[in-house]
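K.L.:
Residue numbers (the numbering used here), protein chains in the order written: chain B, 1 to 274; chain Z, 1 to 253.
Read the hints as simulated data drawn from the structure, not as lab findings.
Everything numeric in this text was worked out from a predicted model, so none of it was measured.
Cβ atoms here follow ideal geometry from the backbone N, Cα and C, with glycine treated the same way.
Take the hints with a grain of salt, since some may be wrong.
Said to hold, decoys possible - Below, a list of computed lysine to aspartate or glutamate pairs in the DMTMM-like style, where the Cα atoms sit at most 25 Å apart: (1) Z/K98 - B/D64; (2) Z/K125 - B/D259; (3) Z/K125 - B/E232; (4) Z/K125 - B/E267; (5) Z/K136 - B/D159; (6) Z/K100 - B/E167; (7) Z/K98 - B/E61; (8) Z/K179 - Z/E239; (9) Z/K136 - Z/E163; (10) Z/K136 - B/E267; (11) Z/K100 - B/D159.
Said to hold, decoys possible - Some chain B residues judged to face chain Z by a derived CB distance under 8 Å, without partners named: (12) V59; (13) E61; (14) W62; (15) L162; (16) Y169; (17) L182; (18) A269; (19) I270.
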Amino acid sequence: MGKQVSQVFDKRNSKTAWNWLAPALVGLVGVISWDIFVRLTNTPPYLLPGPGLVIKTLVEEWGDLFPSLLVTVQITLVAFLTAVVSGLLIAILFAQSKWVERSFFPYAVILQTTPIVAIAPLIIIWLQNNTFMALVVCAWIVAFFPIVSNTTLGLNSADHNLQNLFEIYGASRWQTLIHLRLPSALPYFLGGLRISGGLALIGAVVAEFVAGTGGTRSGIAYQILISSFNLEIPRMFAALAMTTVLGVAIFVGLTVLSDRLLQHWHESAIKREN
Amino acid sequence: MPVPLLTFKVIDKVYQNGTVALQGVNLIVQPGEFISLVGPSGCGKSTVLRLVAGLGTPTGGLMNWHGPNNQRNLAFVFQDPALMPWANVVENVYLPLKLKGQPLRSVRERIQAAINTVDLCGCEKSYPRQLSGGMKMRVSIARALVTTPQILLMDEPFGALDEMTRSRLNSDLLHLWEKKHWTVLFVTHNIYEAVYLSTRVIVMAAHPGRVVANIPIEAAYPRTDSFRTSSQFNYYCREIMAALSEVEGVGVS
Ligand SMILES: Nc1ncnc2c1ncn2[C@@H]1O[C@H](COP(=O)(O)OP(=O)(O)OP(=O)(O)O)[C@@H](O)[C@H]1O
Ligand SMILES: [Mg+2]
């Protein structure tokens, strides 16, 4: 009996280990081939630095690059949180009446489809006294739409019979929102969150590129930009790698959060046993 | 003639896509009756229940409630369980009481009693996805029983259950009905179930949905298992089957 249990346990453990090991292995193979390619073709570092050189630069420049990364993290986080709160509130507003949704939704779409690169300079000029704010606004514009559209969809897709049930039992609008529509929207909202987290980072990076501001409060994108101007390609790669890791961390964090919140009931978070 | 609870006068229901779900349906529901609706799929049985529950309005005819606001005091068991997937069994059963603003502490015993009635002890903390189809249906029934409805609407509540559980829940339902003086509107495909339970069976036909027979079951309560094998029981079953096949015959010719 005890043996059986421990076997089951081992099996589950090794399974989750594989979840990490498999992609790590793919990454390792990629890095090794990259290294071999650079060595064999003798590519000069200003075209494509090898992975060893990138890591070496990363360590050397850490004191410079890490504070910049933190600035980008700040911009991303503030923009993301603002997007979550405003997106949720706007979606709830949209869900109150079809007319509100029809009247305002097109403008949310316009905000989304306007290329951020095109309007970023404008926003930076408008908010020239506060570059940080300007960057946050740019990142927010990119990040908030997936939350609005996903949550609105979710709020409107509560089960038909459950809606009838709430009506029969005389539920108020507020009760229906809290006890039926918001829980129904949760999986959609979390899906929007995952998309939006990555977009907030992209928005921040793009806006930093456009702003091109230096000084003590410069973000990681500025470091990428400066490095490429100065043809410090290994440094550019190091900064790029940091940005990528940040993006992956955001995605993984939000995925874990989503699985936690949905673990009891939603298909996306459940291990199928049949 | 006592004052009826509810009357349908030549009710029509045409859905927006043009489907005539009901045509000229007359129905008088007396307080305390146990009425079963039987008929082929698509004859408008669920539509009748939905109209009674105030979900949608008739497109023709008059629907009248007699007496003070009965309409708020009804419970509905839908054809599918319609449980909240994010809530466990207790939370699902608690829902109608929660919406009425009753704190969980004050109604725990009632919830437990309802869960016991449908034989789901030990599953209180389970989520719907962990339950079988029949168990989900029983949660849905418990959710209806936990309120004290004056009128109970049940749309094929026992269709997904095995014969044993079905007949046990049948007699439990009858006990509750006798004790609590409910009025029940009950949809079923099972003629034997309809005869065993009801004070009256209404036979419906499709295309368009209408009432074709109204058969009072004049047997005393409490009804025992021996009623199920009596000649009286067989007589009623045959009569309902005759009414059903008569309509089908008309449809074919
Ligand atoms: N929301 C709807 N919109 C359009 N047509 C509908 C709708 N609901 C039901 N109908 C139609 O109305 C008719 C009666 O439907 P209803 O659900 O009342 O049948 P039923 O007797 O309950 O059938 P079953 O025994 O299969 O549950 C059917 O022809 C169905 O197609
Ligand atoms: Mg039906």
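K.L.:
Each hint: holds or not?
P.N.:
Evaluated hints:
1. Z/K98 - B/D64: Answer violated: Z/K98 to B/D64 is near 57 Å, above 25 Å.
2. Z/K125 - B/D259: 20 Å, holds
3. Z/K125 - B/E232: 60 Å, violated
4. Z/K125 - B/E267: 19 Å, holds
5. Z/K136 - B/D159: 16 Å, holds
6. Z/K100 - B/E167: 12 Å, holds
7. Z/K98 - B/E61: 59 Å, violated
8. Z/K179 - Z/E239: Distance ~29 Å between Z/K179 and Z/E239 Cα, so the pair is violated.
9. Z/K136 - Z/E163: 16 Å, holds
10. Z/K136 - B/E267: Roughly 17 Å separates the two Cα atoms, so the pair holds.
11. Z/K100 - B/D159: 21 Å, holds
12. V59: Not OK, violated: B/V59 not within 8 Å of chain Z, min 47 Å.
13. E61: 48 Å, violated
14. W62: 45 Å, violated
15. L162: 5 Å, holds
16. Y169: 5 Å, holds
17. L182: Interface hint status for B/L182: violated (10 Å vs cutoff 8 Å).
18. A269: 11 Å, violated
19. I270: 7 Å, holds
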